[in-house]
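Given the structure of chain A, go ahead and fit chain B onto it with the hints provided.
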Amino acid sequence: MTINAMTAQQVTQKILNNEPLFILDVRNEEAFQDWKIEGKSLTYLNIPYFDLLDGVEEILDQLPVDQDVIVVCAKEGSSVMVAEMISEEGRDVSYLQGGMKAWSEYLEPLKVADLRDGGELFQFVRIGKGCLSYMVVSRGEAAIIDATRMTDVYIRFAEEKGAQVTHVFDTHLHADHISGGRELAEKTGATYWLPPKDAGEVKFNYAPLKDNKIVKVGDTEIAIHALYSPGHTIGSTSFVINGQYLLSGDILFIDSIGRPDLAGKAEDWVKDLRETLYSRYKELSDELIVLPAHFMIMDELNENGTVAEKLGTLFSNNHGLNIEDETEFRKMVTENLPPQPNAYQEIRETNMGKISPDEEEQREMEIGPNRCAVR
Amino acid sequence: MNSTKVLDAKGLACPMPIVKTKKAMKELETGDVLEIHATDQGAKGDLTAWAKSGGHELLKSDEENEVLKFWIQKG
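As given, the protein sequences belong to chains A and B, one line each in that order.
Be aware that the first sequence starts at 19, since it is given in my numbering, and climbs by one per residue.
Be aware that the second sequence starts at 243, since it is given in my numbering, and climbs by one per residue.
Source of the hints: derived by calculation from the structure; they are not laboratory data.
Small disclaimer: the values here were computed from a predicted structure and weren't measured.
Hints are all accurate, no fakes.
In silico SDA-like cross-links for lysine to any residue, where the CA-CA straight-line distance does not exceed 25 angstroms:
1. B:Lys247 - A:Leu71
2. A:Lys119 - B:Glu308
3. B:Lys286 - A:Asn360
4. B:Lys252 - A:Glu47
5. A:Lys283 - A:Ile373
6. B:Lys264 - A:Asp72
7. B:Lys265 - A:Glu102
8. B:Lys286 - A:Ala120
9. A:Lys119 - B:Thr290
10. B:Lys302 - A:Glu47
11. B:Lys286 - A:Gly386
12. B:Lys252 - A:Asp376
13. B:Lys302 - A:Asn360
14. B:Lys262 - A:Gly73
15. B:Lys252 - A:Gln380
16. B:Lys262 - A:Ile65
17. B:Lys294 - A:Ile65
18. A:Lys93 - B:Leu300
19. B:Lys252 - A:Arg381
20. B:Lys294 - A:Asp69
21. B:Lys286 - A:Glu48
22. A:Lys54 - B:Thr290
23. A:Lys179 - A:Met168
24. B:Lys264 - A:Val98
25. B:Lys316 - A:Ile65
26. B:Lys311 - A:Phe50
27. B:Lys286 - A:Val98
28. A:Lys93 - B:Val261
Now the stretches of chain A that chain B is said to cover, found in silico as 3 or more residues with beta-carbon under 8 angstroms:
29. 63 to 76
30. 92 to 105
Sample of chain A residues facing chain B (criterion: CB under 10 angstroms; computed from the structure):
31. Arg45
32. Glu47
33. Glu48
34. Ala49
35. Gly117
36. Glu378
37. Glu382
38. Ile385
The beta-carbon is built from N, C-alpha and C at its ideal position, and this holds for glycine as well.
The following block holds chain A by itself, in its conformation from the complex (with noise of 0.2 angstroms):
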């Protein structure tokens, strides 16, 4: 029977559509357990390519004929020596191209608005890791939000849009994922903005990016208005957008709030973290829509697969945001906290510009979930 390559954006589309796709996945039960894709529509079956050496009979009664299998590996290779036993015996299957590292890598542009005088602004959903990133096209010019470093992805965008890259911004010293900034902004020729405040050890020039800076983009006013949110790290800093569109950054999510831990000044930034989340934010419009750096959970998901929702809403819901008490507060900032991202430290490192891992060093770093908030 026929073997079926599946891409990362064909498995994205099913989930965003809710259509039902059977998960085998073969790669080791710790690799599964710590990360996998996600979705609500999906149902699993995790066993080792190691113990389907010698033949698939065994399993073969637990995958469904009336729905999509789908084989899932690290990076390929045994998904596809699965899938060939599977269809040997007689079962039409697919596997996942490029495996975990191309869903770790895929980007699902997204609109999340128009904006005025024919502005649009975009978030791309990097699925299987949980990033998000944003593009604001404007009048012929984009600027680019915490881009990942898929930075070819953004290029051809904007050249679709017809737009000229012209800043690019980090919130923050990402230690989650490698930023694709300095890339980027090095490719197109955009300034590239980060909070000097977290860039205190960056080897390579940058525009500082300071509290009430505003950036246009495009000749209309379409303003990017920088407001200095420490917490998750010292130079934490949102944008509004518009004065319509907050984003937030590593600082609020959806359904929990940033950590403050992942430069290991977890005890000097939770005073930050409140201020900002308690303070400057509740001085905000409820009406803003925050558009975070991040989701955890596929809940976090709108129907249309965007991850926004009104700061009044975050306000009400978010348990984050809830917490009367300082010490409780504290309590849960800086004591079961989930495991770090994988290879954080190399990674802060690399967005620093002093190590440069090269393309296969950076994809094994930023295996897994990225793991930057807490609830």
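Chain B in isolation, oriented as in the chain A frame:
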């Protein structure tokens, strides 16, 4: 560490390091030690999990000049 046999799986991508390890292990006696050299980063987690599920013991693992080394005793 003394090994009964050395398996060179360098440059091989998943699933080959495990396929070869399994084959080499079949030819050894209980208590023998197979030394495996691999370059696929995935080998770390997979060989550990494979040894456990097969009743073998991973005695030691090491990394030298980007080569991963494993010593597995047949169970």
